[in-house]
Structures are given as C-alpha cells and as structure tokens.
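K.L.:
For reference, the chains in residue letters:
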Amino acid sequence: MDVPEPVLWDTVLEERKASIITKGKQKKHLKCDIDSVAGCVSQRACVYCGARVVLNPVTDAIHLVHGPIGCASYTWDIRGSLSSGSELYRNSFSTDLKEQDVIFGGENKLARAIDELVAKYPAKVVFVYATCIVGVIGDDLEAVCKAAAKKHNIEVIPVQSSGFAGNKAAGYRAACDALLRLIQPGELSSAPRVNTINYLGDFNLAGEFWIIKNYLKQVGIEVNVAFTGDSNYKALKNATRASLNVIQCAGSMIYLAQRMKELYQIPYLNISFLGLEDTATSLRKIAAHFGDESIMARVEELIERETAKVKPVLDWYRQRLQGKKAAIYVGGGFKAISLIKQFREIGIDVVMIGTQTGRKEEYQTINDLVDEGTVILDDANPSELEKFMLEKGAHLLVGGVKERPLAYKLGIAFIDHNHDRKHPLSGFVGAVNLAKEVYSTLCSPVWQYV
Amino acid sequence: MEREKSLANCCNVNENPCNMCMPMGGILAFKGLEQSMVIIHGSQGCATYMRRHMAEHFNEPVDVASSSLNEKGTIYGGEKNLKQGLDNVIKAYRPGVVGILTTCLAETIGEDIDRISQEYLKERGCNDLPVVTVNSPGYGGTHTEGYWLTLRRIVTKLARKTETHSKINVIIPNISPADIREIKRILQLMQVEYVLLPDFSDTLDRPYQRPYRKIPEGGTKLADIVAMGGAAATIQFGLTVDDSMSPGKYLESEFGVPLYNLPLPMGVENTDLFINLLIKLTGNHLPPAIEQERGRLLDCMIDSHKYNAQGSSVIFGEPENVYGVVKICLENGIYPVVVATGSKNHNLKQLLDDLLVNSPVRCTVITEADFTTIRQKSRGRANIAIGSSDGRYLTEKEGIPLVRYGFPIHDRTGGQRLLSVGYAGTTMFLDRVTNTLLEYKHKHYRRSMYQMFYQGEQEGQEFSAESCGEHYVMFMPSDVKQ
Numbered sequence: 108m109d110v111p112e113p114v115l116w117d118t119v120l121e122e123r124k125a126s127i128i129t130k131g132k133q134k135k136h137l138k139c140d141i142d143s144v145a146g147c148v149s150q151r152a153c154v155y156c157g158a159r160v161v162l163n164p165v166t167d168a169i170h171l172v173h174g175p176i177g178c179a180s181y182t183w184d185i186r187g188s189l190s191s192g193s194e195l196y197r198n199s200f201s202t203d204l205k206e207q208d209v210i211f212g213g214e215n216k217l218a219r220a221i222d223e224l225v226a227k228y229p230a231k232v233v234f235v236y237a238t239c240i241v242g243v244i245g246d247d248l249e250a251v252c253k254a255a256a257k258k259h260n261i262e263v264i265p266v267q268s269s270g271f272a273g274n275k276a277a278g279y280r281a282a283c284d285a286l287l288r289l290i291q292p293g294e295l296s297s298a299p300r301v302n303t304i305n306y307l308g309d310f311n312l313a314g315e316f317w318i319i320k321n322y323l324k325q326v327g328i329e330v331n332v333a334f335t336g337d338s339n340y341k342a343l344k345n346a347t348r349a350s351l352n353v354i355q356c357a358g359s360m361i362y363l364a365q366r367m368k369e370l371y372q373i374p375y376l377n378i379s380f381l382g383l384e385d386t387a388t389s390l391r392k393i394a395a396h397f398g399d400e401s402i403m404a405r406v407e408e409l410i411e412r413e414t415a416k417v418k419p420v421l422d423w424y425r426q427r428l429q430g431k432k433a434a435i436y437v438g439g440g441f442k443a444i445s446l447i448k449q450f451r452e453i454g455i456d457v458v459m460i461g462t463q464t465g466r467k468e469e470y471q472t473i474n475d476l477v478d479e480g481t482v483i484l485d486d487a488n489p490s491e492l493e494k495f496m497l498e499k500g501a502h503l504l505v506g507g508v509k510e511r512p513l514a515y516k517l518g519i520a521f522i523d524h525n526h527d528r529k530h531p532l533s534g535f536v537g538a539v540n541l542a543k544e545v546y547s548t549l550c551s552p553v554w555q556y557v
Numbered sequence: 092m093e094r095e096k097s098l099a100n101c102c103n104v105n106e107n108p109c110n111m112c113m114p115m116g117g118i119l120a121f122k123g124l125e126q127s128m129v130i131i132h133g134s135q136g137c138a139t140y141m142r143r144h145m146a147e148h149f150n151e152p153v154d155v156a157s158s159s160l161n162e163k164g165t166i167y168g169g170e171k172n173l174k175q176g177l178d179n180v181i182k183a184y185r186p187g188v189v190g191i192l193t194t195c196l197a198e199t200i201g202e203d204i205d206r207i208s209q210e211y212l213k214e215r216g217c218n219d220l221p222v223v224t225v226n227s228p229g230y231g232g233t234h235t236e237g238y239w240l241t242l243r244r245i246v247t248k249l250a251r252k253t254e255t256h257s258k259i260n261v262i263i264p265n266i267s268p269a270d271i272r273e274i275k276r277i278l279q280l281m282q283v284e285y286v287l288l289p290d291f292s293d294t295l296d297r298p299y300q301r302p303y304r305k306i307p308e309g310g311t312k313l314a315d316i317v318a319m320g321g322a323a324a325t326i327q328f329g330l331t332v333d334d335s336m337s338p339g340k341y342l343e344s345e346f347g348v349p350l351y352n353l354p355l356p357m358g359v360e361n362t363d364l365f366i367n368l369l370i371k372l373t374g375n376h377l378p379p380a381i382e383q384e385r386g387r388l389l390d391c392m393i394d395s396h397k398y399n400a401q402g403s404s405v406i407f408g409e410p411e412n413v414y415g416v417v418k419i420c421l422e423n424g425i426y427p428v429v430v431a432t433g434s435k436n437h438n439l440k441q442l443l444d445d446l447l448v449n450s451p452v453r454c455t456v457i458t459e460a461d462f463t464t465i466r467q468k469s470r471g472r473a474n475i476a477i478g479s480s481d482g483r484y485l486t487e488k489e490g491i492p493l494v495r496y497g498f499p500i501h502d503r504t505g506g507q508r509l510l511s512v513g514y515a516g517t518t519m520f521l522d523r524v525t526n527t528l529l530e531y532k533h534k535h536y537r538r539s540m541y542q543m544f545y546q547g548e549q550e551g552q553e554f555s556a557e558s559c560g561e562h563y564v565m566f567m568p569s570d571v572k573q
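Those protein sequence lines, which keep their order, are chains A and B.
Counting in our numbering, the final residue of the first sequence is number 557, and the numbers go up one at a time with none missing.
Counting in our numbering, the final residue of the second sequence is number 573, and the numbers go up one at a time with none missing.
To be clear, the hints were calculated from the coordinates, so they are not data collected in a lab.
Incorrect hints may have been included.
Just a sample of chain A residues kept apart from chain B, beta carbon distances all over 12 Å, derived [what the hints assert, rightly or not]: (1) 259; (2) 289; (3) 313; (4) 345; (5) 350; (6) 362; (7) 368; (8) 372; (9) 413; (10) 415; (11) 448; (12) 516; (13) 536.
List of simulated lysine to any residue pairs, SDA-like, C-alpha gap at most 20 Å [what the hints assert, rightly or not]: (14) B:488 / A:184; (15) A:516 / B:306; (16) B:174 / A:184.
Partner residues are not named here, just some residues of chain B that face chain A (Cβ under 7 Å, in silico) [unchecked claim]: (17) 135; (18) 146; (19) 150; (20) 159; (21) 161; (22) 165; (23) 167; (24) 180; (25) 183; (26) 196; (27) 199; (28) 203; (29) 229.
All values derive from a computational prediction rather than experimental measurement.
Using N, Cα and C, we set each Cβ at its ideal position, and we do this for glycine too.
With the hints as constraints, model all of the structure from the sequences given.
P.N.:
Okay, structure coming up:
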C-alpha cells in the first residue's frame, strides 16, 4: 500500500513539540491551555465534560443534558461522588434530540422536558447543559430556562457548555458561572461566620470531602459547603456565609474563587489534601489564616496524632518501593503537583509528568519540583505516553480509565486517579491508601510472568 | 403481549439512556478491520468519551482520533481540521485503512466528508489508501444503527465483483470477542472457508505481547472484504437489521450473493439454524465434537430446568442480542416479562411478537426504551435481569440481580471474554443465569420463609405474600396470560 513515508514515525508530531519539555535540557516554556491538535488522539474530553464533572455532584439537582443522546449516555453515573442525602444527581436526563429537532429547533422539547422532570422529581434547581448541537442550531437556552424558572418557581440554570467552544477548562468556567448564578445571595442572607470555610474543588469521591470535613471539625473549623462534593441546593444558596474559600482542584475552581472574592470579598487559599506533607501544610495554612491560637494548637495536635498513626505504615511501604520510577498523567495540575510530593514520601521518583488541563503557573511549580531529566508534557496522547514511559523506564503510571490498558499492555503498573475510583486518596488515610495501591500494583506477582 | 407506544411519541425526556450514539457503533465496526484507524469529525469530547467507554469494557487501549473541531472550525467549516487530523493519524499510526465518522456537530454544520477525504487523498498523492466515510450523526440513531450502517459502507466501498469462489461471508452483530472466536471455531470445525466481518476478536482482546503495537494485529483483511462480492453465500446474524443498513442485502442486490439472514446462534434452535445451514451450504457432515456440545447443552438444560422455572426475566440491549437472549429464556422457561431496546426497531417488535406468542407469561416489549421505564415495568414482576452493566440500577434500586451480557460492561471485568453463542456458549450463558437465580434464592430463602411462616409466641401475626420479599418464587399470577 502506498502510504506516504512517515516524517516523524515513532517520534513526536511536529505540532506537539512545543507542549513537551525535558527539565534541565530546554529553557523554553511549555505550551499549554491551547486547543488540542487534530488527529493527535488527545486524552482530553470537551467543554461539556468539564462542566458536567464539576456540577454533577450537586446531589439534589436535576441534571438535564440538552442534546442528542450520546452526551448523556457517556456521562451517566460514571463518577464516584458520594451523597449523604439525595440521589437525584445519579440520573442522566436528556432531551434526546432527533433529526427533526435539529432542523426545527429544540426549544419546545426542552421546555416540555423541564416540565416533565419538575413534575416528577422534587428539585429546587435544574442545570441545563448545552451540547455542541445547541450551540449550532441556536436554541435560546437562556430564554427557555428563564421561562421555566418563572413557571415552576424554581431555579433553572443554563450551563453554556457547547462541546466545541474551547477545551475542558472552558467547561469548568461554564460550571463556575452556573454556580455563581445559583449562590447569588438574597436579601435575607446572613453575614459571613468566623472560622467557616467553603471547600472548593472537592467532589467527594469515595467520601474524600467527609474525611477533610472531619479533620477541620476536630480543629474547630466549620465547613459551610463544598463545591461541589455532597452539596445541595440549600447549602450552596448559603455559600456566601463562609469567611474563607479554600481550593483543592484549582484548575476547575480558581475562577469561582476569584469571582467570589470580587463579588463577596471572600478571600481564598490554594491548598491540597493529597499526601502527608500537603495535608499538614494545608491545615496549618488554614489555621494561620484565621490566626486563632487554639485552632493552630489543635491543628498541630491533629497532625502529630494522625502522622504517628500512618507513619509506620508508610515506612513499611517506602522500604519496599524505594527507587521505583513513576509516570503521571492526570486531569489537572494540582493533582500532579501533590503526587510528586506524595511519591517522594514513599521513595518514588517521577520521571514523566503531564496533565490534560494544567495551567501555566502549575507547570512552573511542577518544573520546580521534579528532578532534572523529567519529561513534562501537556495534553499528551497514547503515542507520547508510550514513548516517554519506555524511554524513562517508568515502573508505574498514574492516570485514568483510558490510560490504564495502555500501561498494562506495556507491562507497567497502574494507579487509578480518576473520578470513578471507589477509595479515598485524601488526607492521612488517603496517603496510606495510595501507598497500599502502589504496592499492590508494583509488587504484584503477575509481573513475574510477563 | 402488551404493546408499548414508542416512547419518543409521548415523552420529551430520556431518563438514563439504554443506548449510545451512532459513531460508537461505527468505531466498533472499524476496529474489526485489519490495520484500521478511525478519526471522528467533530469536537474532541466525542472521541474521548467513546474511547473511555470502550477501554473500560474491553480493557484494551482504544485509540481513536478526533478532528478536534473548535469554534472557528464550526463557523467556517472543519475541512482544515479534518485534513490536518488525517495527516497526523497517517503519520503516527500508518494505518492500512482509515474510517471517518461524523458527529452531530459535523453533520449539523453540513460537512461533506466524502468530498474532503477525496480531495485530501488527491492532494497528498495517496489515492491507494482506502478511506471509508460514514455519516453518523449522534441524533441519527443508536450505536446499533451506527454499527450496521458502517458495515454496509465498508462493504459498499471495498467489495468488488470478483470471480466466484467458495468462501462464505459471515457478518456478525456486536458480540464479544470470545463469541467471535467461538463462531470462527464452529466454522473451522465445519470445515467452512469464510470471511468474517467485522473481526475484532483479536484487536479488542489481544494477548499480552511485546513489543506493543499501536494498531493491534488481527481484523478482517481488506483483500477478503474485496472478495466478498464473489462469495458463495452470506450468512448475516442480522435478523432485525433494516434492509437499508444491511451489508448482506447490499452484497445480494449488487453482486447476487445469496443472503441467509439468521438470528444469533444463541439457544438450541437458533444454533441449529446456523449449523444446519452450514451443512446445507457445504455438504459437510456434522462433526462429532459439535454433536456432543449440543448434547451437553441439552443435558445442562434438563439439569437446571426447575431452577430456571423460577425465573422471570427482564432483557435489554441491542436488538440482535436481545432476540437471542429472549430465545434462550423461552427455551428454558425463564419467561420474559420485559424486553427492551434503545433502538427504534420495528423488525424486532414483529419478531418478538411471533416468538412470545406461546409464552405463558405476559410480556412488555419496549423500543426506544430508557432505564427509568425499564425499571418501572420490571418492578415486582422480574427476578432476573439480563443485559449490559447499565442495568445495574435494577439490582441497586429494585433488588433484581443482573446477569451481565452485551456492551458495555463497566462494573465487572471480562466483558470481552463472556462466551454466549453456539451450543457451548449457550451452555455457559445458561449456567450464569441459573447460578444467579440460585445465588439469590440461597441468600434470601431463610429470611423469607421465616418472615412468611414463623409465628413465634406472639399471636395475631398473619402470613403475608408481600413479606416474602422482592425475591418471590415463580412468576406472579397476575403476569400469567389468561
């Protein structure tokens, strides 16, 4: 067959070169936060995906996808976000647009869909997600939502998440805009409370938010609401009662935090509860912000107590994992940064690291943290992951569902750090879970046979 | 049989979809071609979501490219994106054939992928690279229609009027790699020369092997597809497929290859149909190995028939698979009370009407179904569900155990290895169903008997039919046809 001779066979495609650097070898800055290159088999999803990830954990909301069936089908209950109350969020509702609707417009169907759902399910808020089609056929989502809100006397909030209008990060922003509309305080809103925080960018995967909430409670800090793990209409409505916003997943939530600072004068802090080091630092940071001596003292007690519990366990694992090399490819920058430190705690070096939607400042931090020679890459594809994992001799990959089979086919161990996981990786308990998982995959007897 | 009105006619919301969209089926079909690579013309998310869905089911890397349409491409046309995408796919993967699938977005902005791809091949001077285009907007049908339409497009594009030869075309619906291997084993045992389309038995279930290949080995050879036009016959397991999407029908009308449209070989009778046809077409005798497998299936059916008699089933999935499962259930007295598919498929409805006429139990058939409707119709009537892992709420919310079959299976491992066709596959399928019924019975009967009959020392307790729990024994009297 006469296929054109490959120019860069088994190497990196020209358009991708600016998004890959090796620390210490190049002075240039990594190119990030740009559209994916056509045909490169990016691991990223779309704007809608970003919005859905962020909003879906709002437990008592009706999540209605306005578009053809696929978008709702592929995102139905695929996240591990837990709820202490309503389970309504685990449904995937779709207007299931057909050819006729695309030709004549989907506004009427959307209005009827909202009517049906509101009659059937008791919800105070409906999120209506726009998909690619909606952006093209020009349905006036805003108008339909406004009319429906008035008709049913509830909040019907459009999420401007047409798939093609940017990348996943644009979806985070669309979700934040929707949340900003929801949390707008009414006249009766009470003033901010002391020692009370909102916890941004935690989606309560396997109860992670609950773990952190418990720590904070023990030291005397109240969590007002998380965005959006185990959150609900009522709690989100009172979001402005917090006197501080702390952000775990900055990629998705920094915009919301900035807007809340502008609008409601609530300051924010970047923190991370992944790994011992970051968990301890974050607790201290929050305590220091409030400047309350008794809180600070209790934080130190908690860190000492919890560290003492897990340290021997982690030491046991470190002895067995020392010297192994890890590759990381995850969604956001904060996760990548915490993982570098977390791996260090168990004696593992990071030799390749990348994200789908990391921001410039996050890549700078990554660059500062990793060793010379580590490959850093943004919006990678399977070919690149394969190439650099093999070149750098990685024993382990951290990634999501799509990356897992690639690692296994290459005979490389794998850690699930995706939204669908069913065990917590936050806090002191999460640090142990990660070490356990690393051990279970790296030291499995199966590798003796391949 | 109770007939449900098509949901689309009376409902504006799909609550928990029982189907995926067209390009998904297209990817599956293309993955069964040797050295193939797929590019989806649309926004980046479509390709990624479908890859994720497939990777989780097959536990295989599933590389699918996207033209990554952005705002600019949407407004001014996506031609540049698609061409650049093709460039990169060809550079990085060196495919032997490229499939181009459209999405809702590309179709709505009116992209002419035929023209663009032809122009592309001319511009790059690679006219020999086979490119198959499929118009597959997500709103045009389910993944099932996408699958068959893609197969038809592949055959239309590649098959030629070759010299007549003795091979038999075998065209299969979306079944597991293990099922494909079983059909190939039967064909080999029957000494049939065949071309099987699409063959993703290796490409989506490859052995652990080094070095790693970006495009896995295996798949239907292009030269074999070219020769499908000269085959002695086509056996298509596509009883429910509309003629307009039927690759077998195309081969018949275009090249005069006789078409035998059969149900999937699931159950005794359906497998008999397949085996008997092979005997008729080849003149070969039934090999003793297959005869023994048939005998073992009958033995298995007898061994477990009383356990199976306690089953009332809800069956859902793609039309062809659903039909096969209904057949097995009927042959074993696990009478279906709800049969559902996300497709708008009139053939299936008609076929099920004929099949269910002799069932003693009232059955609700739903096309264009969603899971909220399936749950509602199954509540209190079914005690076993058979279908993909998307039916997990039937267990979680209604207490109906689910035997996983079909695509996708996301919450269990080994979906790609589930064997359910032929006599041997039917036996294994039936064991899975029977054992699930037994497991639930053993788990619950002590408690339910206690609740029903134990009066203790207190007076005034009454027996209650309801109190035997959701796992009642035998079908409800209200479900029996009068």
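K.L.:
Where does the structure disagree with the numbered hints, that is, which hint numbers, in rising order?
P.N.:
Hints 12, 16, 23, 28 contradicted; others consistent.
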